[in-house]
Amino acid sequence: MNKILLIIRREYLSRVKKKSFIVMTFLTPLLIAGIYALIGYFTYKGINDTYDKVAVVNDNKILTEKLISDKNIKYEYVNRNLDEMKTSLKKSDYDYVLYLPNFTLQAPNNIQLYGAKQAGLSLNRRISNDIEELIRNQKLKESGIAQSDLDQLKTNVDISTKKIAETGQEEDSSAGASTIIAFIAGILMFMFIMLYGIQVMRGVIEEKTSRIIEVMISSVKPFQLMMGKIIGIAMVGLTQFILWIVLTLTISTAVVSFFANKDDIEKTVAVAKAGQAGTQLSHGSSAIAMQQGPMVDIQKSLAGLPIGKIVTVFIFFFLAGYLFYSALYAAIGSAVDSETETQQFMMPVMMPLLLGYALSLSVVTNDPYGPVAFWLSMIPFTSPIAMVVRLPYGVPNWELALSMFILVVGFIGTVWVAGRIYRVGILMYGKKTTFKEMFKWFSYKG
Numbered sequence: 001m002n003k004i005l006l007i008i009r010r011e012y013l014s015r016v017k018k019k020s021f022i023v024m025t026f027l028t029p030l031l032i033a034g035i036y037a038l039i040g041y042f043t044y045k046g047i048n049d050t051y052d053k054v055a056v057v058n059d060n061k062i063l064t065e066k067l068i069s070d071k072n073i074k075y076e077y078v079n080r081n082l083d084e085m086k087t088s089l090k091k092s093d094y095d096y097v098l099y100l101p102n103f104t105l106q107a108p109n110n111i112q113l114y115g116a117k118q119a120g121l122s123l124n125r126r127i128s129n130d131i132e133e134l135i136r137n138q139k140l141k142e143s144g145i146a147q148s149d150l151d152q153l154k155t156n157v158d159i160s161t162k163k164i165a166e167t168g169q170e171e172d173s174s175a176g177a178s179t180i181i182a183f184i185a186g187i188l189m190f191m192f193i194m195l196y197g198i199q200v201m202r203g204v205i206e207e208k209t210s211r212i213i214e215v216m217i218s219s220v221k222p223f224q225l226m227m228g229k230i231i232g233i234a235m236v237g238l239t240q241f242i243l244w245i246v247l248t249l250t251i252s253t254a255v256v257s258f259f260a261n262k263d264d265i266e267k268t269v270a271v272a273k274a275g276q277a278g279t280q281l282s283h284g285s286s287a288i289a290m291q292q293g294p295m296v297d298i299q300k301s302l303a304g305l306p307i308g309k310i311v312t313v314f315i316f317f318f319l320a321g322y323l324f325y326s327a328l329y330a331a332i333g334s335a336v337d338s339e340t341e342t343q344q345f346m347m348p349v350m351m352p353l354l355l356g357y358a359l360s361l362s363v364v365t366n367d368p369y370g371p372v373a374f375w376l377s378m379i380p381f382t383s384p385i386a387m388v389v390r391l392p393y394g395v396p397n398w399e400l401a402l403s404m405f406i407l408v409v410g411f412i413g414t415v416w417v418a419g420r421i422y423r424v425g426i427l428m429y430g431k432k433t434t435f436k437e438m439f440k441w442f443s444y445k446g
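By the count of the UniProt record's numbering, the sequence shown reaches residue 446 at its end, each step adding exactly one.
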């Protein structure tokens, strides 16, 4: 046991003392925050700053209403034929030409959009929605419905979701917040298992090719060496993850507080201006207006989630999932002489993890209580990702306990299998390894 602790200490200190570890530990949360900020900024700019000018050639005698322009798209009806507009499009100040043929309201066919450049998917969808709304309004008007009645047809509905806990009490919940946390947890779990599992494999390959392993084997057993390396790197990953959580929470709290205060100030100014303009607001409505805002909604959504439980369970599944896969990566590293030879062995190990990742972020997030989600969170190869993705939606305690138990049993079995391969492969040199050869190593007695 003392030898394993010495190996753990060596693996841990040799990595956490590196400048690259220190720099990336503190920079990663800032880089991630910066990347998401850039994505949000450019998405917002793309939505709000996009402007297209569309010439509409209307040959339809039924459509008496016109398409309504907005800040992103401007429709101009032109009294010219389609061929003429297509010919002069590049020389005109129009971006696209929209052609409305003479169709019936029941079968709007052959609508065409021409442009000197390829229209994007969002523009195509936006124009389609505008035409659908135009046809719908035309149908309603032909039915004898007045415009004032049409204006009252649109109603914005805001649903406040509640979850009934096992105690019978109501708890605030948010499908959006749960989905965001699920995606983040799934991506981080996949990234951590891959990153630190490959570190184990590379460490084994380096020691094997440098022949340091021959000296170490004279003092410790191969199994002790493998376990010391696996646990040591696991502690490195855990240290980095905890630091990332602390730094991320600090940064996010500061950002949310800043924007929440900014939102309150803006609403105070808006209410004051409304009062100066003669708008009469009751005390109750003013209070509601002051309390509303996107940052407040985010805070309420996160407050309804068991963040402490999510983080604790995430750490358990990270450690157990990492130990499960890193044992296999250690076995692969012991079986080859260079990293280029690992590809044929890595694919069977990575496939279940990739499958769990893909299904968790698609099937599980859409149906977290379905049979696929249940079995993915029970099978040790996929449970580390599937369970942390399900957790924000609420998982029964018995399912969580069963998944943890199966994963621990799976880890013990994996370590036993990997250890039998590792003890032989670590001293094999110059021979191209196959799955058949690894099976023979596993079958050796002693």
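Wrong hints could be hidden among the right ones.
Restraint-style ranges between C-beta atoms, simulated for each label pair [said to hold, decoys possible]: (1) Glu-399 to Ser-128: 42 to 50 Å; (2) Lys-91 to Glu-65: 27 to 35 Å; (3) Ala-37 to Asn-129: 58 to 66 Å; (4) Glu-399 to Phe-26: 16 to 24 Å; (5) Asn-124 to Ser-210: 53 to 61 Å; (6) Glu-206 to Lys-71: 18 to 26 Å; (7) Ser-128 to Tyr-41: 24 to 32 Å; (8) Lys-71 to Ala-37: 29 to 37 Å; (9) Asn-366 to Asn-79: 18 to 26 Å; (10) Ile-145 to Val-311: 50 to 58 Å; (11) Thr-43 to Ala-254: 36 to 44 Å; (12) Ser-128 to Lys-309: 20 to 28 Å.
For the record, the hints were derived by calculation from the structure and aren't laboratory data.
Here a beta-carbon is modelled for each residue, glycine too, at the ideal position from N, C-alpha and C.
Going through the hints against the structure:
1. Judged by the Cβ atoms, the range 42 to 50 Å given for Glu-399 and Ser-128 holds: they are separated by roughly 43 Å.
2. A hinted range of 27 to 35 Å for the beta carbons of Lys-91 and Glu-65 is consistent with their spacing of about 30 Å.
3. The hinted window of 58 to 66 Å between Ala-37 and Asn-129 is violated, with their beta carbons roughly 29 Å apart.
4. A hinted range of 16 to 24 Å is violated for the C-beta pair Glu-399 and Phe-26, which are about 37 Å apart.
5. As the Cβ distance of Asn-124 to Ser-210 is approximately 58 Å, the hint placing it in 53 to 61 Å holds.
6. The hint said 18 to 26 Å for the Cβ distance between Glu-206 and Lys-71, and at roughly 58 Å that hint is violated.
7. Judged by the Cβ atoms, the range 24 to 32 Å given for Ser-128 and Tyr-41 holds: they are separated by roughly 27 Å.
8. A C-beta distance of roughly 24 Å is found between Lys-71 and Ala-37, which places it outside the suggested range of 29 to 37 Å.
9. For the pair Asn-366 and Asn-79, the beta carbons lie near 49 Å from each other, so the given range of 18 to 26 Å is not met.
10. Hint check: Ile-145 to Val-311, Cβ distance near 54 Å, so the stated range 50 to 58 Å holds.
11. Here the CB-CB span from Thr-43 to Ala-254 is close to 23 Å, at odds with the stated 36 to 44 Å.
12. Between Ser-128 and Lys-309, the C-beta spacing of about 44 Å breaks the proposed range 20 to 28 Å.
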